[in-house]
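Protein chains in written order, with the working numbering: chain R, 1 to 487; chain S, 1 to 487.
It is possible that some hints are incorrect.
Note that identical chains are pooled: a pair holds if it fits in a single copy or bridges any two copies.
The list that follows gives simulated cross-link-like pairs (lysine-lysine, DSSO-like), each with its CA atoms no further than 27 Å apart [what the hints assert, rightly or not]:
1) LYS460 / LYS259
2) LYS232 / LYS217
3) LYS473 / LYS105
4) LYS473 / LYS387
5) LYS194 / LYS214
6) LYS232 / LYS214
7) LYS334 / LYS296
8) LYS217 / LYS387
9) LYS460 / LYS88
10) LYS79 / LYS461
11) LYS387 / LYS105
12) LYS88 / LYS105
13) LYS191 / LYS387
14) LYS460 / LYS303
15) LYS334 / LYS259
16) LYS461 / LYS259
17) LYS164 / LYS70
18) LYS79 / LYS153
19) LYS88 / LYS461
Everything labelled a hint here was simulated from the structure, so no lab data went into it.
Residue strings, one per chain:
2 protein chains.
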Amino acid sequence: MDRLTEIASHAREAANVLQTLSTSQKSAFLLAIHARLAAAKSQILASNKKDKDLALPLVESGKLSSSLYKRLDLEGPGKFDTMLQGIKDIEQLQDPVGKVAFANKLDNGLELYRVSCPVGVLLVIFEARPEVVANIAALAIKSGNAAILKGGKESFHTCEAVSKAIREAMEEVSAATFEEKEGSTGGDNNKAVKHLADAVQIVESREDIDGLLKQDKYIDLVIPRGSSALVKYIQWNTRIPVLGHADGLCSTYVAESAKLALAQTVVVDAKTTYPAACNSTETLLIHSSHLHDSSKFFPQLAKSLVDQGVTLKCDAPALASLQASDLFKDHQDKIQASNEEDYDTEFLELTLAVKTVDSAEDAIRHINEHGSKHTDAILTENEAEAKRFMAGVDAAGVFWNASTRFADGFRYGFGAEVGVSTNKTHARGPVGLEGLVIYKYQLHGNGQASADYGNEADGKKPYLHERIDVGEKETLGELARKRQRLE
Amino acid sequence: MDRLTEIASHAREAANVLQTLSTSQKSAFLLAIHARLAAAKSQILASNKKDKDLALPLVESGKLSSSLYKRLDLEGPGKFDTMLQGIKDIEQLQDPVGKVAFANKLDNGLELYRVSCPVGVLLVIFEARPEVVANIAALAIKSGNAAILKGGKESFHTCEAVSKAIREAMEEVSAATFEEKEGSTGGDNNKAVKHLADAVQIVESREDIDGLLKQDKYIDLVIPRGSSALVKYIQWNTRIPVLGHADGLCSTYVAESAKLALAQTVVVDAKTTYPAACNSTETLLIHSSHLHDSSKFFPQLAKSLVDQGVTLKCDAPALASLQASDLFKDHQDKIQASNEEDYDTEFLELTLAVKTVDSAEDAIRHINEHGSKHTDAILTENEAEAKRFMAGVDAAGVFWNASTRFADGFRYGFGAEVGVSTNKTHARGPVGLEGLVIYKYQLHGNGQASADYGNEADGKKPYLHERIDVGEKETLGELARKRQRLE
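Here chain R stands alone, though its shape is the one from the complex (with noise of 0.2 Å):
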C-alpha cells in the first residue's frame, strides 16, 4: 500500500468510528484539542517562527505578498486566543448527527427513519492561515468526519505542530474513551483507539494532493478553500465530490420602482466594505428609466460610489448619462467604457461593470448568463417583480433589498461556515456543519418479508405509509419519547 492509499485508508478506519461516537464523546475530544493546543501554545509559535523566518526573504524578494506573510502569523494580537475559542464555540454547536427528517410507518412494528449521519472522509485544501487546521479539524469532529488537510507550504511546519497536538489530543482521550464502551471487545477496542489517531491527518505537497484526488474509494467530500484557480484545478482532476465555489460574480439590479437612497446604502455596501470577498457586487444592473430622469437617479448613485473610490465600467447609455452630468467633469477617470468581458470577470477591486437593462427579466437573463450563481441583489418597492426575480435567478443566493454582502455563515447565523458553495447539488450558499453529513435510511421491523406486502386483492398487506411526525432537529430517542407520551 502506498503512503497515500495509507493515508486516505486510515482516515477511512477513523471515520468508520467517528460516525457511532455520542455527542459528549466528540465534546471530550473537540474540549481534549482544546487543551492540548492550549498546552502547546509555545511550541507551536515556535514552528510558526519558523515558517516566518523562511518566508521573510521571500517577501523581501517580492516572491510572497505581504498580505499572504501576515495570514500565516499566528503570534499576531488575539490570532491564537481566537483559535482556540473556535474549537469551544464548535463544541457547543448542536450536534448534527442523529437527526431524524422524515419517518414513515411503512406497516405496525416496520417503520422507517431518515437520520443524519456523517459524509465520512474530507479533504480540505487550504492557503496560507495555519489557524484553519485546528477549525476544520473541530468542525470535521464535531460532524463524525474524519478530516486530510493540506495547508499552504508556507505554513507547513505551524500546521504540522498544531495538528501534532490535535493527535495527541485524539490518542488521550479515545484510550479512556473505549475503555469505557460497553458492549464491544477488547480487541475492537484497541482497533477503535487507534483509528481515532488518524481522525485528523495533514499532507505537505502539491504531489500529495493529486495523488489523495484518486482516492474516491475512501474520500467522500473534497473541501477547497482558496483562490479560483485552486478550486477550478481541483474540480477538474477528481471524481469525488467538491463543495466550494470558483467564481463570486455577484450582481445588484437597481429596479424602477427602486428608492435612491436605499440603492446608494445598498450598492456602496455592496461593492465598498470588502472588495476582494466573493459577495462583494461586481456588475451593477440598472434599469434605463435610471439614465436620463429628472432626478437624475443614476448620476447620484454614481457619485455615492465614485466618491468610494469606485472605478465604474459603463455600457453606451449609462456612460452617455453620466458623461452629461456634473459628475463627469470632477472623475473623468473613474468613469470609463466597458468592454464584453468586464461582465465575466470578478474584479475584486474598486471596479464596478455597470449595464443597463430594460426589465426584471433582461437583468434575470443576464445574471443566469454572466454570473456565478453565487449572490444577487434586486433593489424594488415591487413585491411581483422581486418575486420573480428571486424565482428566475438561478443563485445560492437571491436577494430583496438587501446588500449581497450578507451573503456569509456567520452573518446567516449558521454558528461555523465549512465554506461557501456554487453547487447545484448537495449544499448550496454559505455552508454550515449540515453540508458536512447526509442521512441513511433505518428500518426497524420485527421480522417482515417485503413478499407479505402488495396489493390486498392479490391476498398481500397493503403499505400503511402513514408519516410519522418529526419535530424540527429530533433525534431518535427524541422521537421515541415523544411518541410515548402521546400514546
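The hints should help you fit chain S onto chain R, whose structure is shown.
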C-alpha cells in the same frame, strides 16, 4: 454552436422558465401531456411496432435478450395505461419546490429563508423501457427541471413518438399559460413559450451522451438508470454530479441472539424474491455460535434457502457446519466452498456468499470493506447491538430485523422513485422527487448594509439571529400567513 451544445443550452433556457412556474401551471402541463399521449396512443404503438420489428430478428439470432424485448414492448397488457396513470400519480404528489426548510431573522426587517428550488437540467440515461420517457418527463416537470433523455437504441422510435407528444403538449399549454402571466412583456412571453417546448428533449446515440457529459455549463445532474457498467462509465466520464448506484451488494448479518424463524423468513425473502434486483442480499454473515449449536440453527437456515433453489458459497467454518448436517447428503451441489471474490460479487441470481463472523463489529467491518453502501441488515433481539450496527455500517439503508428488499422508493412511501443512490452527498438510497431539488437562500430586507452590523462595542448593530419556526413542508406564503395569525 454545435448540435449538442444547442440541445443543452436550450434545456437550460427551458429550466430557467420551468423554475418560475407555480404548482398549478406545472399541473396543467402534466395533464396536457397525459391527454396528448392518450390521443397519440395508436401512433405511439405503431412506432413501438417498428422498434419491435427491428428487434425481433436480433432476438432470434441471439443478439438481443428476450427479456429486453419484453421490456421494449409497450403493447403488453396494461402497459400503456400504467404509463398514463403514472403521469396522473406524479401530478398528484406534493410540489417539492418552494418549501421553506429554515428561516432566520437576522434583524427586524431582514429575514433569511432557505427555499427549495429545482436543480435545473437533468440528463437521464436508461435502457430499453420506452415508457420511462413519460415517467421522467413527468418527474422533471413536477419538480421544475428540464430533462434530456436517452433511452436504449432498440426503443428509439417509441421514445421519439412519446417525446413528440410531450413537446406538442408543452407548446400548447405554454402559449395559454404565458398569455395570462402578469407583469412580463410580450417579447418575454414569446421567449418563454419557445423555451418551454425544449423542456423534454431526447437524444439517440451513445456518442451524443459522450458529448453531453461535457456540457457541465448547462447540465446539473446526470441520472443513469441501467447496468453497473453504464453507471460506472458515466461516473468516470463526467464532472457533472451523478445520481445513481453501480452496484447493489447487500449483506444480512444473523447475530447471536437472532431467532431462527425470523431469520428464515427474512433471509429467504431478501435472497429469493427477485435475485436480479439491486436490493437483494448477496452475502449472509452468520454468527459463529450458530454453526454447531444443538438447535442446528445454521443448517436449518441453510435448508430454507436451499429449498428455494439457492446455492450457498461458504467459508470454511460454515461449510464444515453444513457438511456435518443432514442437508449436505441431498444437496451437495448447492453447498460449495467460497473464494475471496465471492464476497465482492453481486451475483444477481440464486447464489449467496456465506461468511462466519464472531461479533457485530466483525460484521460491520466486513460490510464496510466489501459492501456497496446500498442496504445492509442485522437480525438480532439485542437492541444495543442493532444500534451499534446501524451506526457503524456506512450504507444508504441499515435495517434491523427486516428484509433488504424493502429498500425501494415505493415501499418507503415516496410515491415516485427517481433512482437509487449510493452517493455520500446530495441524495442517498431510494430517491424521490426531493432528489431533484436543491435550495436557494432568499434574503428579504429593506435597505440594510452589512457594514452596519457587528459588535455593539464598535457602535454596530448586533445580529438578532432569531430562528423563525417553520412547519414541515411549508411554503413562504403559508409561513407568512401563519406568522400573521400569531401576531
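The hints, checked one at a time:
1. LYS460 / LYS259: Between copies only: 24 Å across, 66 Å inside.
2. LYS232 / LYS217: both (22 Å within a copy, 13 Å between copies)
3. LYS473 / LYS105: So LYS473 and LYS105 pass the 27 Å test inside a copy (19 Å) and across (18 Å) alike.
4. LYS473 / LYS387: between (29 Å within a copy, 19 Å between copies)
5. LYS194 / LYS214: within (25 Å within a copy, 43 Å between copies)
6. LYS232 / LYS214: So LYS232 and LYS214 pass the 27 Å test inside a copy (16 Å) and across (15 Å) alike.
7. LYS334 / LYS296: within (18 Å within a copy, 89 Å between copies)
8. LYS217 / LYS387: Answer is between; shortest inter-copy Cα gap is 25 Å, intra-copy 43 Å.
9. LYS460 / LYS88: between (55 Å within a copy, 25 Å between copies)
10. LYS79 / LYS461: between (64 Å within a copy, 24 Å between copies)
11. LYS387 / LYS105: Only across copies: LYS387 and LYS105 sit 19 Å apart there, 37 Å inside one copy, limit 27 Å.
12. LYS88 / LYS105: Close across copies (25 Å), not inside one copy (39 Å); limit 27 Å.
13. LYS191 / LYS387: between (55 Å within a copy, 20 Å between copies)
14. LYS460 / LYS303: between (75 Å within a copy, 25 Å between copies)
15. LYS334 / LYS259: Within one copy only: 24 Å inside a chain, 81 Å across chains, cut-off 27 Å.
16. LYS461 / LYS259: This pair counts as between: shortest inter-copy Cα distance 23 Å, intra-copy 63 Å.
17. LYS164 / LYS70: within (23 Å within a copy, 62 Å between copies)
18. LYS79 / LYS153: Answer is within; shortest intra-copy Cα gap is 20 Å, inter-copy 62 Å.
19. LYS88 / LYS461: Intra 52 Å, inter 24 Å, cutoff 27 Å: inter-copy only.
Violated hints: none; the structure is consistent with every hint.
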